[in-house]
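A.B. asks: Sequence:
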Amino acid sequence: MAERSFKREVQDLKLGAGETFTGEGILAITKALLESGVGYVGGYQGAPISHLMDVLADAQDLLGELGVRYEANASEAAAAAMLAASVHYPIRGAVTFKGAVGVNVASDALANLASSGVTGGALVIVGEDYGEGSSIMQERSHAFAMKSQFWLLDPRPNLPSIVQAVKQGFELSEASNTPVMLMVRIRSCHVTGQFQCADNLRPPLSVRDALSEPRRDFARVVLPPMSYQHERDKVENRWPAAERFITERGLNEVFGPESAPVGLVVQGGMYNGVIRALQRLGLADIEGRSAIPLYVLNVTYPLVKGEFLAFARGKEALLVVEEGQPEFIEQGLAAMLHRAGSPVRLHGKGLFPMAGEYTGQIMLDGIAGFLKDTAPQLLPGQVIAPNAPPPEMPDLSQTVPIRPPGFCTGCPERPIFAAMKLVEQELGKHQITGDIGCHLFAALPPFEIGGSTMGYGLGPASNAAFDGGGARRAVSFIGDGGFWHNGLSSSIGNMVFNRSDSVAIVVDNYYSAATGGQDVLSSRAKNPSKATGNPISKALEGVGVKWVRQIDRTYDVGHMRDTIREALTTDYDGPKLIVASSECMLNRQRREKPLRAQAIREGRRVEAPRFGVDADICTGDHACIRLSGCPSLSLKVLDDPLRDDPVASIDQTCVGCGNCGEVADAAVLCPSFYRADLVHNPGRWERLLAGWRSRIITWLQARRARRVLDFGEAS
Numbered sequence: 002m003a004e005r006s007f008k009r010e011v012q013d014l015k016l017g018a019g020e021t022f023t024g025e026g027i028l029a030i031t032k033a034l035l036e037s038g039v040g041y042v043g044g045y046q047g048a049p050i051s052h053l054m055d056v057l058a059d060a061q062d063l064l065g066e067l068g069v070r071y072e073a074n075a076s077e078a079a080a081a082a083m084l085a086a087s088v089h090y091p092i093r094g095a096v097t098f099k100g101a102v103g104v105n106v107a108s109d110a111l112a113n114l115a116s117s118g119v120t121g122g123a124l125v126i127v128g129e130d131y132g133e134g135s136s137i138m139q140e141r142s143h144a145f146a147m148k149s150q151f152w153l154l155d156p157r158p159n160l161p162s163i164v165q166a167v168k169q170g171f172e173l174s175e176a177s178n179t180p181v182m183l184m185v186r187i188r189s190c191h192v193t194g195q196f197q198c199a200d201n202l203r204p205p206l207s208v209r210d211a212l213s214e215p216r217r218d219f220a221r222v223v224l225p226p227m228s229y230q231h232e233r234d235k236v237e238n239r240w241p242a243a244e245r246f247i248t249e250r251g252l253n254e255v256f257g258p259e260s261a262p263v264g265l266v267v268q269g270g271m272y273n274g275v276i277r278a279l280q281r282l283g284l285a286d287i288e289g290r291s292a293i294p295l296y297v298l299n300v301t302y303p304l305v306k307g308e309f310l311a312f313a314r315g316k317e318a319l320l321v322v323e324e325g326q327p328e329f330i331e332q333g334l335a336a337m338l339h340r341a342g343s344p345v346r347l348h349g350k351g352l353f354p355m356a357g358e359y360t361g362q363i364m365l366d367g368i369a370g371f372l373k374d375t376a377p378q379l380l381p382g383q384v385i386a387p388n389a390p391p392p393e394m395p396d397l398s399q400t401v402p403i404r405p406p407g408f409c410t411g412c413p414e415r416p417i418f419a420a421m422k423l424v425e426q427e428l429g430k431h432q433i434t435g436d437i438g439c440h441l442f443a444a445l446p447p448f449e450i451g452g453s454t455m456g457y458g459l460g461p462a463s464n465a466a467f468d469g470g471g472a473r474r475a476v477s478f479i480g481d482g483g484f485w486h487n488g489l490s491s492s493i494g495n496m497v498f499n500r501s502d503s504v505a506i507v508v509d510n511y512y513s514a515a516t517g518g519q520d521v522l523s524s525r526a527k528n529p530s531k532a533t534g535n536p537i538s539k540a541l542e543g544v545g546v547k548w549v550r551q552i553d554r555t556y557d558v559g560h561m562r563d564t565i566r567e568a569l570t571t572d573y574d575g576p577k578l579i580v581a582s583s584e585c586m587l588n589r590q591r592r593e594k595p596l597r598a599q600a601i602r603e604g605r606r607v608e609a610p611r612f613g614v615d616a617d618i619c620t621g622d623h624a625c626i627r628l629s630g631c632p633s634l635s636l637k638v639l640d641d642p643l644r645d646d647p648v649a650s651i652d653q654t655c656v657g658c659g660n661c662g663e664v665a666d667a668a669v670l671c672p673s674f675y676r677a678d679l680v681h682n683p684g685r686w687e688r689l690l691a692g693w694r695s696r697i698i699t700w701l702q703a704r705r706a707r708r709v710l711d712f713g714e715a716s
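First residue of the sequence shown: 2, per the working numbering; consecutive thereafter.
All the given hints hold, so there is nothing to weed out.
DEER-style ranges, computed between Cβ atoms:
{"no.": "1", "residue 1": "Lys306", "residue 2": "Arg277", "range": "28 to 38 Å"}
{"no.": "2", "residue 1": "Ser228", "residue 2": "His339", "range": "30 to 40 Å"}
{"no.": "3", "residue 1": "Val236", "residue 2": "Ser6", "range": "41 to 51 Å"}
{"no.": "4", "residue 1": "Pro632", "residue 2": "Lys306", "range": "47 to 57 Å"}
Pairs of lysine-lysine residues, derived as BS3-like cross-links and limited to a Cα-Cα distance of at most 25 Å, are as follows:
{"no.": "5", "residue 1": "Lys316", "residue 2": "Lys373"}
{"no.": "6", "residue 1": "Lys527", "residue 2": "Lys539"}
{"no.": "7", "residue 1": "Lys316", "residue 2": "Lys350"}
{"no.": "8", "residue 1": "Lys306", "residue 2": "Lys235"}
Since the hints were derived computationally from the structure, they do not count as laboratory data. Predicted, not measured: the structure shown is a model, and the values here were computed from it. Cβ coordinates follow ideal geometry from the N, Cα and C atoms, glycine included.
Turn these sequences into a full structure, and let the hints guide you.
C.D. replies: Shown next as structure tokens:
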């Protein structure tokens, strides 16, 4: 199984009433699910919610004791479909995945779930991956909640509020027969804190128990005429029930004085940033007590008209703190004020940027600008004068270089793209697409291979327009995670069905590496609760691919180059698939480093390979770096007045994969790379032999030094 253990985190899930949980927000959500009597949990890993999946995967014993079904789903769509158990049965279910891409993948199942409605509480935990820490396109999950009528929770970023949101989310879902989205931002997932635990609860009706009494209700099947009734039910029953629950249970919160000329309407997830900005303006204290009224939307959809208008009453102006675009909340609130004939002025975008993350400085500038324009008397004079220009931030774009992501040291994917680059030097540039995963980093220097990606598992499918033949065959890359997620049917099946003449390379590193190293169907290690060891090549043959080449050591750059060249030049007319397999170095090091360190401590002999560059042989053309890009390959300036250019050098972070030497050999570069085996706890004979070698080398070096000195004196 994946080379990470979460045994310590699992122990935290066992805490009971009267005990204190300390940890990250995403782990607090995991504990809250068990305290809520959840009956089943599923999902697909991805930042920033992977930790929730990883911990549950290691908590099988605890989940079994509680009667909770856990499944690591094949995709977000499979996870969302799992919530069908809550349609007919009063069982609480939760699934989780990365948003907004996860919501996009799961959209068909989610739309059907929202139409039929639920009898048990259904919770979709969305990791809102937005802002400068994001790895995806910049979109919000809010639009989908509005489209399909999911209630959307966005709790304040502290552990008690997050835990309460999980429990209230289930209750809201049950009270309104509607699935609920719980949106947790990157900072919410990683915020640390404490909350008082409750006992874990067994589900009143487990999924195992439900099998003994199957239920059917045609009224909840999404077919005409019932689908028309679902729409009426949403508007006439579910929506009013949700508003009543939100109001009566106080899911949204109001802070600050009861009366003031202005107020702030804040997304729950933005609360910490707002309070920090008010503190910097002297309008809030360290405990969060605010001198400005705050209406905190822990539920950002639906907006409750009565609550909002009551907060707006008596105020002259309101500022909406809504991160991202379009400004759905601001538009909704503006419509409420207009229809109520309210004279309150609404501010939002304009003072805040339309797009992008609300950093500390942006939050400070936006709130300060609002108060300066609408209530300057509330601003302490020593903090900011009413007509003072906004503070200027230094422009660091010219001095701080961008830091794009890149392959790890020793990554087995790097030699694949070195081989591809060598083939392109020979055959010319090709139309190349990538996929979601580590291999997408090849689009960046030094490889600059590929330039587009359309979604997880869709790398080959995004080349479909070029599959009909041409001057050169199109090439696509897809990872093993994407292959099993969606690629086998949507990409490879598409190639077979349409008799594609292009080439696809499946990058098989044994794990869903980019999402944290979780096991997939083709993982090599045995997993006690999952079926691993299913070869990708067999799956390819099963869907009709006739031309398949399996490579079990990607570090053999010469073999990789020759196989790619064969695929691009063969007379075979049809899909050509190369499965390039080598274990993810990061996961391999997680497994091997502790074992190696333990062996050294115990006095056992351990041999560790290291690679280096002979500075006397290196020509300094740096072709090895351009074809490898390994972070451990750097430059070194020699103390030699006759050599101006720096030479290649390998630093101490080298993991001994040997890729640099393989690239140098395949590309016919200088033979300056060498391998040295570092031996820990050598035997007696090895120590004796090393001593002899050292003395001989010392004698030879001294003799050479004498000859140089004699030559200098003679001249």
